[in-house]
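Visitor: This is what each chain is made of:
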Amino acid sequence: MISAGIDIGSLTAKCVLLEDSRILAYSVQKVRPKLEETAEEVFQETLKIAGLKREEVFRVFSTGYGRSRVRFAEKAVTEITCHAVGAHFLIPTVRTVIDIGGQDSKVIAVENGRVLNFAMNDKCSAGTGRFLEVMAAALNLKVEKLGEIALKASKKITISSTCTVFAESEVISYISAGERVEEIVAGICDAIASRIAALASRVGVREDVVLTGGVAKNLGVKKALEEKLGVKIKVPEEPQIVGALGAAVLAMRG
Amino acid sequence: MRKLKISEKMRNLMAGYYMLGHSAEFRAWVTSGAPVEILYAMDVYPVYPENHGALIGAAKLGSHYSDFAERMGFSRDLCSYARCDIGCVFAGTSPIGGLPKPSFLFACNNICNTVVKWYEVLSRIFKVPLFVLDMPFIRKELKEYHLLYVEEQLYDFIRFVEKLTGNPLDDSKLRNVAMRSVEAVKLYGDCLKMARYKPSPMTCFDAFINMAPIVCLRGTEYAVNFYREMKEELEERVKNGVSAIDNERIRLLWDNIPIWYRLRWLSEFFESKNACLVADTYTNAWTGFGTIKSTDVISSLAEVYTVSYLNIGIDRMVEIIKGLIEFYEVDGVVMHSNRSCKPYSFGQYEIQKKLNVPSVIIEADMVDERAFSEAQIATRLEAFLENL
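If you're matching them up, the sequences are chains W and E in order. Under the numbering used here, the final residue of the first sequence carries the number 254; numbering is consecutive throughout. Under the numbering used here, the final residue of the second sequence carries the number 642; numbering is consecutive throughout.
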């Protein structure tokens with residue numbers, strides 16, 4: 001039996017095809033303003049990779065901010081439930097999921113794949129992927145490169161502001177003061193990690209801690225978070241598709 | 255959601271209430287937790303800026319009127335009831351054409367301390383006297399000296415009103431008003447308690463929509479008759495097995511002031527998930543005003559208004575919430591972290607830890623719709639319901 005999970009996030013759309021407990025294929029795309037079309041495209045693309053026809057997929061579930069716009073999905077499930085299920089599928093010992101997405105971040109307490117409790121960021125972009133994007137733009141760097149640049153730093157500059165807009169002007173003033181780029185970037189990773197650590201303390205951190213979402217690919221943020229929380233963090237091979245995977249797992253269960 | 259017939263009557267009643275205010279000889283602008291019984295007994299017409307604020311919120315005009323105050327330098331972090339009230343004064347109008355000008359102001363800080371500064375502003379604008387009834391915060395036990403302190407002030411207040419109006423207080427009139435107040439509060443409490451039936455004949459949205467009379471008309475026959483009729487309608491529903499929503503599967507408790515501009519969105523959202531918000535801590539707060547004694551009106555007024563819901567410590571609040579959870583047999587609590595109301599929202603994360611059922615916190619504002627992020631709130635609520 002084959003199921004599909006589609007996760008329409010704020011920046012990227014993800015699709016995972018699952019056959020029983022094996023991932024057949026997945027793909028990640030940029031989200032365009034027409035969410036219905038984005039959902040259709042990411043689904044078609046993934047089917048193509050797997051060499052499957054649409055009719056061969058037994059059931060589709062959707063998740064993410066655009067979950068209700070995936071017309072062909074049988075059910076929409078929130079990303080909180082899906083990330084918990086997806087992380088548990090990949091790492092069965094997971095007790096805490098930290099998901100840092102494009103426009104929100106959440107910490108989820110998990111037990112046997114079930115959500116016990118969760119906390120999300122408030123109406124503020126600090127502590128989300130958007131924060132990193134804005135900072136990367138201010139430094140004229142690609143957002144994907146921030147992680148490796150941060151790891152080169154021998155010390156980090158403190159970004160004192162908790163607000164994306166104010167932190168951006170802080171970064172600009174550090175650039176003009178001639179500070180080293182890698183130290184600024186390490187400071188940026190540290191700032192986002194502080195926000196997440198505060199969120200995590202509300203839910204409680206228990207190992208294993210799994211980091212998901214696009215920002216999990218940033219090693220600088222992972223390292224800063226490990227320092228703040230005092231635990232080792234596990235990152236799945238493809239952290240961005242965990243939500244879509246969770247939706248596919250739930251679709252498999254029906 | 256099946257609408258209650260009584261809501262239509264409520265609209266007419268409140269329209270009449272606001273109209274009458276214009277013809278009254280003496281008017282006081284008064285805070286929601288003040289002992290209004292004294293005003294009614296002394297023929298002073300009470301005008302409620304907070305109720306007016308709720309009305310503006312429900313009309314989705316919160317940011318519009320707030321702008322008038324913000325342009326004068328009032329911060330957006332200030333309570334949106336205060337901003338809208340002051341904003342309407344500067345605008346010279348409101349959805350009901352503005353409130354009638356006050357003869358004096360009466361602020362009781364048993365609900366928050368914003369009201370003190372807010373009413374000082376009003377006092378400067380209207381150039382009318384202000385009486386602040388200062389309530390000691392009851393962190394743990396209520397002591398005799400707390401009550402003496404409040405009682406003294408109530409006598410001061412009576413002298414203050416007597417001097418302004420020239421009318422002395424008639425004790426028997428005060429007693430009658432107080433007993434009508436007790437009767438209304440009792441009937442009102444009976445209405446809310448109807449939600450213990452499964453499925454519930456009402457939702458907290460019905461309670462919100464129909465709370466204006468207990469706030470503004472407590473102490474008059476209008477409130478007594480209104481809640482008697484509301485109670486009959488609810489009893490009729492229970493008798494005929496009529497529920498507020500179809501397929502009530504989840505029962506929930508709401509905490510904090512409603513999000514006035516999203517009542518419909520929220521009620522439809524929960525109904526679509528077969529969840530019924532059967533009760534709330536907010537409207538329940540008025541049921542605490544029912545123990546005024548006819549033999550000792552002033553000192554019992556002092557007691558009743560001192561231990562109001564927002565003037566007590568967190569442990570006592572937790573006890574009250576736990577009582578509601580048990581009485582209404584709810585499966586969870588939805589907490590509105592209200593950007594405007596600091597005393598109500600402060601402590602919610604602590605309270606949450608002490609409850610014996612799951613809870614979720616959503617961040618918004620009671621009147622300022624700019625503080626509401628639909629996608630974020632929908633995700634939190636859905637995730638909460640998925641995992642109940």
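Treat the hints as calculated values from the structure; they're not laboratory data. Please note: incorrect hints may appear among the correct ones.
[Claimed, not checked] Pairs of lysine-lysine, BS3-like flavour, derived with a Cα cap of 25 Å: (1) E:K417 <-> W:K123; (2) E:K314 <-> W:K123; (3) E:K576 <-> E:K447; (4) E:K608 <-> E:K447; (5) E:K427 <-> E:K381; (6) W:K53 <-> W:K155; (7) W:K75 <-> E:K527; (8) W:K34 <-> W:K48; (9) W:K156 <-> W:K145; (10) E:K314 <-> E:K547; (11) W:K123 <-> W:K155; (12) W:K228 <-> E:K355; (13) E:K547 <-> E:K485; (14) E:K576 <-> W:K123; (15) W:K234 <-> W:K217.
Visitor: Hint by hint, say whether it matches the structure.
Guide: To see whether the hints hold, each was checked on the structure:
1. E:K417 <-> W:K123: Given pair K417 (chain E), K123 (chain W) is violated - Cα atoms ~50 Å apart, limit 25 Å.
2. E:K314 <-> W:K123: Roughly 20 Å separates the two Cα atoms, so the pair holds.
3. E:K576 <-> E:K447: holds (15 Å)
4. E:K608 <-> E:K447: Satisfied, since the Cα-Cα distance of roughly 24 Å is no more than 25 Å.
5. E:K427 <-> E:K381: violated (30 Å)
6. W:K53 <-> W:K155: violated (52 Å)
7. W:K75 <-> E:K527: holds (13 Å)
8. W:K34 <-> W:K48: Cα-Cα ~21 Å, so holds.
9. W:K156 <-> W:K145: holds (17 Å)
10. E:K314 <-> E:K547: At roughly 40 Å apart (the allowed maximum being 25 Å), K547 (chain E) and K314 (chain E) break the hint.
11. W:K123 <-> W:K155: violated (31 Å)
12. W:K228 <-> E:K355: violated (57 Å)
13. E:K547 <-> E:K485: This hinted pair holds, its Cα atoms lying about 24 Å apart.
14. E:K576 <-> W:K123: The given pair, whose Cα atoms are some 29 Å apart, is violated under the 25 Å limit.
15. W:K234 <-> W:K217: holds (11 Å)
Consistency note: the structure conflicts with the earlier hints numbered 1, 5, 6, 10, 11, 12, 14.
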